[in-house]
Structure formats: structure tokens, C-alpha cells
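With the hints as your guide, set chain X onto chain W.
Protein chains: 2
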Amino acid sequence: MKKVKIALLGLGNVGRGVWKILNSNRDEIMKRSGYEVEVSKILVRNKNKERGFEIDKDLLTIDFNEILEDSSIKIVIEVMGGIDPAKEYLVKCIERKKHIVTANKMLIATQGDELFKKADEMGTMFQYEASVAGGIPIIQGINESLTANKVEEMYGIINGTTNYILTKMELEGLDFDDALKEAQEMGYAEVDPTSDIEGYDAQYKLSILSSLAFGTKIDIENVYREGITNIKSIDMKYARAFGMVIKLLAIVKDKNGKLEMRVHPTMIPKKHPLANVYDSFNAVLIKGNAVGDLMFYGRGAGDLPTGSAVVSDMITILKNNIDLDNINPVVKNNLWDKKFRDMRGVESKYYIRIRVYDEPGVLGRITTLFGESGVSLRSVIQRGQEKDGVVTLVLITHYTKECQIIEAIDEIYELISVKKIDNIIRIEDFK
Amino acid sequence: MKKVKIALLGLGNVGRGVWKILNSNRDEIMKRSGYEVEVSKILVRNKNKERGFEIDKDLLTIDFNEILEDSSIKIVIEVMGGIDPAKEYLVKCIERKKHIVTANKMLIATQGDELFKKADEMGTMFQYEASVAGGIPIIQGINESLTANKVEEMYGIINGTTNYILTKMELEGLDFDDALKEAQEMGYAEVDPTSDIEGYDAQYKLSILSSLAFGTKIDIENVYREGITNIKSIDMKYARAFGMVIKLLAIVKDKNGKLEMRVHPTMIPKKHPLANVYDSFNAVLIKGNAVGDLMFYGRGAGDLPTGSAVVSDMITILKNNIDLDNINPVVKNNLWDKKFRDMRGVESKYYIRIRVYDEPGVLGRITTLFGESGVSLRSVIQRGQEKDGVVTLVLITHYTKECQIIEAIDEIYELISVKKIDNIIRIEDFK
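Quick mapping for you: the protein sequence lines, in order, are chains W and X.
Just so you know, we're using UniProt numbering here: the first sequence kicks off at 1 and counts up by one.
Just so you know, we're using UniProt numbering here: the second sequence kicks off at 1 and counts up by one.
Derived by calculation from the structure, the hints in this document are not laboratory data.
One or more of the hints may lead you astray.
If chains are identical, the list can't say which one is meant, so a pair holds when it fits in one copy or spans any two.
[Unchecked claim] Here are the computed lysine to aspartate or glutamate pairs in the DMTMM-like style, where the Cα-Cα straight-line distance is at most 20 Å:
no. : residue 1 : residue 2
1   : LYS270    : ASP342
2   : LYS20     : ASP303
3   : LYS5      : GLU36
4   : LYS258    : ASP27
5   : LYS5      : GLU95
Because the structure is a prediction, the values reported are computed rather than measured.
If we strip away everything but chain W, and leave its shape as in the complex, we get (with noise of 0.2 Å):
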């Protein structure tokens, strides 16, 4: 059996994944890889702290050079997070020729492009499987898979945290802040849940499945990003009567080559897979001109799930022979380019909710203005008064321009009778 050493940069929840699998799974995955893997060294920051598994601590090291200048080591994991140091490391890795594995979302959304173009010059494998959805093989799904197709749609539930959230709000009736309370106890929230909650998360996840399935470097100010804190309790209820759910949806389209990206919350019809996606599972739907839709569902996180992806993506190098100087050339990024649509110019279903005053004619003003602005409704219920003679309105449009939308609702907004716009959803029934 021919045998590899291996160096991972950082020990946290990947790191202990990747750790456990190879420990695990080390007969599978010498069989299916050939090569019996050792892990000579890693790079931690702390070499006594308390880990809560069984480490051997002389494989610990504070000093990145100890991997970097051992020839002997030919694959390097990359689980360590963030831009600074990771990407610095991983350069010197690509210089000297070793191959790279990582699950760092931010890096490959910032600074892809340039790693990629790196490891090409070098000749060296770049794998980076767990940066999206964590064990869903949907990054070598778009490489390898639909490569005969033109992706023409892309659908994506890529954070389990407001996934959890939007699942305890749906099923259990939980208002927003009760949920997010409950997936921190359960770990699927960080303290500071900004990342996850505000959707930033998955726009960078959506950045780099959008660059990979079109082909095109993306910058992530190009997708549009919206959280789920705005959405309520009574939202939930609504979008039942209307026979929908509400997912934090990240979506591309190419509308005749300019592409439109955006992540933000969405009704969808309960009758489509991806309304079934509960908890924290992610699930990517793609849609192209030949297989037609194609749905991936898994776990997206934690520590086993996404150190699957970690270690598949390296037996793919041992298995394009790590010795040969032929292996496969990096995907190119940048087979085509494309125009990027601004967000005014997306066409959507829209549900709105206003209050307003019960005061005679204000419903009529309020189609009225939509009217104006050339924003068809298709219903419109008004609910009995609260108190302080409040009402209010839920309408749902026709498919309309978001500019139109904006139009309307600055006009609306300036109503004395209008006391607030309390939420604006858009609404995809993946026509």
C-alpha cells in the first residue's frame, strides 16, 4: 500500500471531523483512495487546550513552517476559517507544490480567483467541496456532472441556521426571536448570529455556486442580500392560507446572459420540494436546459457532514495520482462573461402587508397608486380592525418589476392613511 502524508491547518469543528473520519474510515478510505493517509502534523493555536477527543499532542504545531517546509507532506486541509492568515498559508502551500483541500466559504467567495489561478500555474489540485452546503456534493455536482447542460436557474437553501429558525417559526408557531433563542441552545446559532441571520452567509455561498454553474468571476456586491429578521409570526400564517412557506431562499437566474442573484426571504408553494426541506438540511435545486431540475438535499453543516466533503475531496487527488506531474487542471472560472442585472430590474410575485387607518376610500387609494405604477394585484384580503381603528392589508401581486414595486409603495407610504408597511416578500413559484 503506498502511503501520504497530510498536514491539516486548523483543529476546530471541521478540523475534528476531518479527524474523526480519517481515523474512522480508515479502511474505506484506503481501499477506495489507495493510499494509506497519515497525518504528520496540526497547525493549532493553542496545543493545550482541552479538545474533548483523543489527540496524539506531539502532531501539534503553532508554527506553520513546520508544514510548509516539509517536502514530505504533499496534501494540506485548510480548516482553519477567514481570509488572514488562510490565504497567505495556502499560497506558500501552492508554491511548493502541495495540493489543497478547503471547507473556507469566505476565502473561496473573496479570493478564489486568485487561488485558483495559482494552483493552475503550479499544476497543483485545488479542492473546495466543503465550502458550500457542507456534505452535499453539489460544488463537483455543478463541475462534473452538469457540465453538458446550460444551468439556467439555481434555487438554494444554504444556511441550516435560518433554515432551523424559519422551520420553528412555520411548524411550531415560535416567534422569530424565540427561534433564534432556541438554535443557539442547540448550536446551529452563533452568539453574534449576524453572519447566518442577515443572510451574508449565503451570499457568499450563492457567490461562488453562481461563478462555478455559469462559468464567470462574480463579486459579491453583485448579489442582492436580505435577512429573515424582518419576518414574522403573522407572515408564517398568512403564507399558509395562501398555501405557501417561507424560506430564505438564494436564487440566480440568467435572464438571456445577464444574471440576476439575490438572497432573501421567499414564498414558496408547499407543494415544491424545497418548501419540504426542514431544519437545519440545506438543498440546492438547479435547473438546466438538458437534465432539467436536478434537486441535492443533506446536511449543510457540522462537523461529520462537512468533514465527509473535506475527505472525499482529498482521496479525489490521491486518486488523480498525487505523484504524476499530469493531473486534472483546475476548473477555469472564467469561461464566459456575464452582465449582472441590478435587483430593480427583477421581475417577481410580490406579498405585501400594510396597516393602515379604517378610514373610507383607503383601499381604493392604495390599488389605486399600484395601479399607477403599473403593479397588477391578484388578491387583496383586509382583516378586521385592531385597536385604534387599524386594519390590516395583505396584498399579492402578479409577476411585476421590483422598480414598479418600489414605486408604488414610496407613493403608498405618504398616505395619511397609511400607518405602516410592515413587510414586503417576494414570491417564487419557479415558472
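Showing chain X alone in chain W's frame:
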């Protein structure tokens, strides 16, 4: 741009899909593979057949040797189906160092081992993603993305015809015969539907998936098979009453190194992701010891979805630099020796529907016989009398061994009060 010549064996449904994709997605294929692909020859039985799409008749040939002897043809795509002469043709092509893509499930399930060995000897690539579940990249998923895992269980809806029929029965209340007729009219079922509705098609596919997931050689006889022809509307109604639906599931479980493989109608909880796979869609759920639950969902048949898998396989070969000698090795099939568990040793819950003459003590005698065989009952429903004093009993068991059910049923069948054992359906709760 580099150029490569390929040939097709067959131009039926899948062949047409491949042809269409090669033409409509020419730019994508060039950029993704790095090659301009030219179809030099297509083997057909009749050059003058009306095909309903545009194709240069000079490309067509009825002589396989024109393809075999042309050393400029580097990749052969087999979409003719069947074993004879497909196997002979592929062996000859491999011997001439041509790389192979095939969509032929029967060939892979029964002759795969020999073909893989031959390709390995000759150093050619052999791709067969399209042989199972059409456009769904399940083979790549197992061979490349789940390599870090011990696969523990796998559950598939891998026959679109039967899923279409069961969908019609479940959602529209059709009888089996009417649903089958509709499937035939829609082109989802063959004039002779035996292979689909009796589960042979799913049996082949499960055999392929199991051999890959467990790295072992599978004989088709080790896969238990039961079709859907005995499913009645009344079973659908009872399933619904229990919060379940009926699907034709292909199941493989590794029970301490013993594989149990079976294709049969199965009641599953309505809330499970597989229960919501409707119409002719396919889905495969894999449980890996690292990745947890992972599901792939998509179109399991059709010219373009299956063509998508074929063309992606071709691109995989091109990306591996077909000119090099050092190609990726063919995935080895015989990594482990596994034993197989006989169907009698399988453990499951069971739904049993019996018609009995409404006589005093009959229910007592039946439940006693179950008890004596060690079968514990979870619930019993007795429906009001039909004509001739006959009543229907529906029983749900706790987990029990199949041999105990068989023993009990044999005894119960002998009772004079029992008119007919109408149906026995296994229940899977994925626990």
C-alpha cells in the same frame, strides 16, 4: 481548440438526446471540456428510418466495423441497450483503446465486472452514469463524493414508470389498470410494461448502486424483487389513514457486513422526503456514517436528462486528457467481500390486509396465530361488513422477521374463516 472524434452506437431515445445536447450546448461543451467534439459515425439498424429531427444521413452507418477500425475515433458512446451485441462491441472498442460511455443498465448490472476489468487492463476510461436514474449524478455521487463514508443504507425511487403509476393512484384515486393505461398513453410505460411494473428495471439498478456503494460484486439473484401489480386503491387509502404513502422502493442495508437488497412496494411516512417524490421523478437517499442523510432528486429518464448524463461522462473523459496514458483508473468494484442476507432474515414492520368471514372468535384466532409465530401487532382495524358476511381486517405489526410473518400467514391461510390474504406490504420508517 483541440478536436476529438466520437461515435454513437444507437440513435433511439437516448441517442437522440445526446445528439441534441451535443448540438444545442456546443459552446458549453467546448469551454468545459477544452475540446471541439465531432460525431464522425452513428451506428443504426436502418439508415432510412424517419427520425423526426435533422441529421446528416452520411453520418449513419449500419456497419460497426467502420467505427471500430477508425482509429481517429477516441470515444464510443453506447446507447443501443441490451447485452447482445452491445457487450461484444464495447469489448472490441476497449481493445482498440477507445474510451467508453454507456447508458446500458442491463449490461452494467450483469457484465459490468468483466467490462471494468477489461478497461482497467487496457487503460481506457469507462463511464456509465446514465445507466442508473437518468440525469441524476448518483454514480458520481457514490464513486467520487461519498468516498470518505461507510455507506450504511440506501433507499431509491429509481423507476419512473411505477412512480408515475403510484402517483396517479395516490393523488387521483385511479386503479392500477387505469393508471398503467395513462402511463402508456403518456409514453412513460412500454406496451409491454413487465420490466417496470414487476420491478426488474429497479432490480438491475439497485444491483449497480449496491455494488458501487459497498465495493463488492453483486449477483442480480441476491436482490429480492416484487412489483406493484398487487397494489389496490384500498391499500392507498389505508396508507393515507396511517399517515403514509406507498412507493416502489429499492433498498439496500449493510447489517453488520451482510447486505440485504430488495425492491418492493413500501409504505413510508408522508413526511419523509422520499414520500414527496412524485410523477416520473426519481430520488435516491443515502445514509453515510459521516455525511448522514444525503438525497439526490431529478429526472430518471427521458432523452435529454439521460443524454445530459451521457454527455457529462464524455466531458469527464475529455477533461482527463484522453491523449495521456496516465488516465484515472477505473473504479475498482471488488474492494470488499460481503455476505448477503436472505429475505427471510429481513426485519421490517408489515401492513397486512385480510378478508375474513364475520364469525365469532375469528379475530382472536388470527391474533393468536400471529402471537404464536412471535409477531407483535401494533394496530388492528376491522371494517364493517361487505356482502356475503365478509369483513376486512387491516393489521400493522411491530418490527418482526420476514420468516415469522411467513410462518404466521401460512397458518392463518389455513383457517376456514379466512377468505383471502389480500396484501402484505412492508413498512419502512427509516429508523
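(message) Need the list of violated hint numbers for this structure, in ascending order.
(response) Violated hint (a single one): 1; every other hint is consistent with the structure.
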